[in-house]
Amino acid sequence: MSLRAAATDPVKRHLLLTGFMSFILIGAQQAMYGPAFPALRESFGLGAGQVGLMVSAHFAGAIIGIIGGGLAMPRFGFRRSLALSAVLLLLGALAVAIAPLWSLALSGALAIGLGFGGISIGMNVLVGLGFGARGAAALNLLNALYGLGAVLGPLLIALTLPNYRLPFLLSAVAAALLLVLLAKLAEPEAPSTSPDTSVSALWPLLGFVLLYFLYVGSEVGTGTWSTTHLANSLGPAGAASVTALFWGALTVGRLLAVPISIRFSAPRVVIIAAMLGSAALALTHATPLAPLGYGLAGLFLAPIFPTGLAWLQQVYRAKAAQVSSIAIASANFGGVVIPPLIGLAIEATSTAIIPSLLTLSTLACLGVALIIRRGRG
Numbered sequence: 001m002s003l004r005a006a007a008t009d010p011v012k013r014h015l016l017l018t019g020f021m022s023f024i025l026i027g028a029q030q031a032m033y034g035p036a037f038p039a040l041r042e043s044f045g046l047g048a049g050q051v052g053l054m055v056s057a058h059f060a061g062a063i064i065g066i067i068g069g070g071l072a073m074p075r076f077g078f079r080r081s082l083a084l085s086a087v088l089l090l091l092g093a094l095a096v097a098i099a100p101l102w103s104l105a106l107s108g109a110l111a112i113g114l115g116f117g118g119i120s121i122g123m124n125v126l127v128g129l130g131f132g133a134r135g136a137a138a139l140n141l142l143n144a145l146y147g148l149g150a151v152l153g154p155l156l157i158a159l160t161l162p163n164y165r166l167p168f169l170l171s172a173v174a175a176a177l178l179l180v181l182l183a184k185l186a187e188p189e190a191p192s193t194s195p196d197t198s199v200s201a202l203w204p205l206l207g208f209v210l211l212y213f214l215y216v217g218s219e220v221g222t223g224t225w226s227t228t229h230l231a232n233s234l235g236p237a238g239a240a241s242v243t244a245l246f247w248g249a250l251t252v253g254r255l256l257a258v259p260i261s262i263r264f265s266a267p268r269v270v271i272i273a274a275m276l277g278s279a280a281l282a283l284t285h286a287t288p289l290a291p292l293g294y295g296l297a298g299l300f301l302a303p304i305f306p307t308g309l310a311w312l313q314q315v316y317r318a319k320a321a322q323v324s325s326i327a328i329a330s331a332n333f334g335g336v337v338i339p340p341l342i343g344l345a346i347e348a349t350s351t352a353i354i355p356s357l358l359t360l361s362t363l364a365c366l367g368v369a370l371i372i373r374r375g376r377g
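So in the numbering used here, the last spot in the sequence shown is 377, and the numbers never skip.
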């Protein structure tokens with residue numbers, strides 16, 4: 001049965017609609033900070049370091065929200081947990097929109113981050129469980145729409161500058177509409193199988209934690225350092241366009257992965273994606289082929305995050321919320337740790353090392369995925 005056929009069920013259709021709106025919203029909100037920085041600095045008289053704290057507050061809140069959501073959902077249910085997250089998105093966006101003081105705007109970013117984390121873990125788990133065998137396809141589509149939101153958010157800021165407040169106010173309205181959809185969301189049935197808490201059952205989870213740490217570190221590392229790698233050969237503008245190509249290809253790749261993940265198993269998709277992504281990044285060693293390599297890397301690596309979640313939920317269905325929160329939290333840590341390590345390596349050598357480090361990181365993802373599949377996964 002195709003994803004479209006599965007969505008003829010009104011319960012699943014409402015779940016998809018709610019998931020789509022929530023991921024477009026959180027994608028837009030997290031992408032609005034950077035484009036709004038110049039206006040925020042002027043409004044509050046801030047330096048670059050001070051305004052950057054807004055992103056730090058957001059991601060600190062996101063990690064707390066992810067872990068807290070994973071603990072709250074089994075106890076309080078998905079609907080209540082997601083509704084609380086939507087309220088945090090609403091209040092946080094409203095605080096940024098009307099804040100007369102920088103401290104209030106910063107608190108708003110923290111609240112948005114908390115809501116972001118709760119929505120991210122909640123909808124990823126709920127959609128994955130709700131669509132069962134089609135969970136990987138639904139999750140790829142869901143995360144592709146996050147990318148769409150990440151494009152729409154900066155565009156909205158660009159259209160309204162120097163008034164950065166209006167886009168955040170509009171996102172608060174969107175969060176209020178999301179609350180209406182969440183009120184009608186059906187709770188999933190409790191898994192019929194009892195959780196396996198044996199030591200052997202924990203090894204695959206450790207593998208998934210490492211997989212997500214490495215994958216998001218590789219993804220963010222590529223998006224962060226590809227411009228630096230190509231700046232001398234293509235110029236700043238040309239190099240930046242290659243980075244934009246990588247992120248755009250990542251979104252397109254998740255859309256293309258929807259039919260692929262229906263036909264092939266989640267472990268197989270993750271392994272092939274890591275293999276092809278590593279090969280694409282290897283192409284970036286040759287400067288003339290580097291733009292093509294980065295574009296293909298975005299396309300090929302795209303399914304790993306959402307399809308890996310579907311794989312994880314298949315292995316730990318009875319503990320899907322808890323283990324998914326651990327995996328996604330480790331992914332955030334990977335995005336914080338690996339890119340700065342690449343930066344230190346560049347300082348010790350040169351920008352020529354960037355392709356090798358990115359390729360090795362994705363090859364490590366491939367190795368971990370193979371080990372998980374060979375074991376219990």
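Please keep in mind that the hints were generated in silico from the structure rather than gathered at the bench. All C-beta atoms in this analysis are idealised placements derived from N, C-alpha and C, irrespective of residue type, glycine included. Among the clues, some could well be false.
Unchecked claim - DEER-style ranges, computed between Cβ atoms:
#, residue 1, residue 2, range
1, 158, 252, 45 to 55 Å
2, 228, 202, 15 to 25 Å
3, 101, 235, 18 to 28 Å
4, 50, 238, 25 to 35 Å
5, 133, 187, 19 to 29 Å
6, 10, 45, 27 to 37 Å
7, 13, 231, 42 to 52 Å
8, 288, 252, 41 to 51 Å
9, 263, 228, 18 to 28 Å
10, 268, 317, 31 to 41 Å
11, 100, 203, 20 to 30 Å
Checklist entry - If you check each hint against the structure, which ones fail? => result 1, 2, 3, 6, 8, 9, 10, 11
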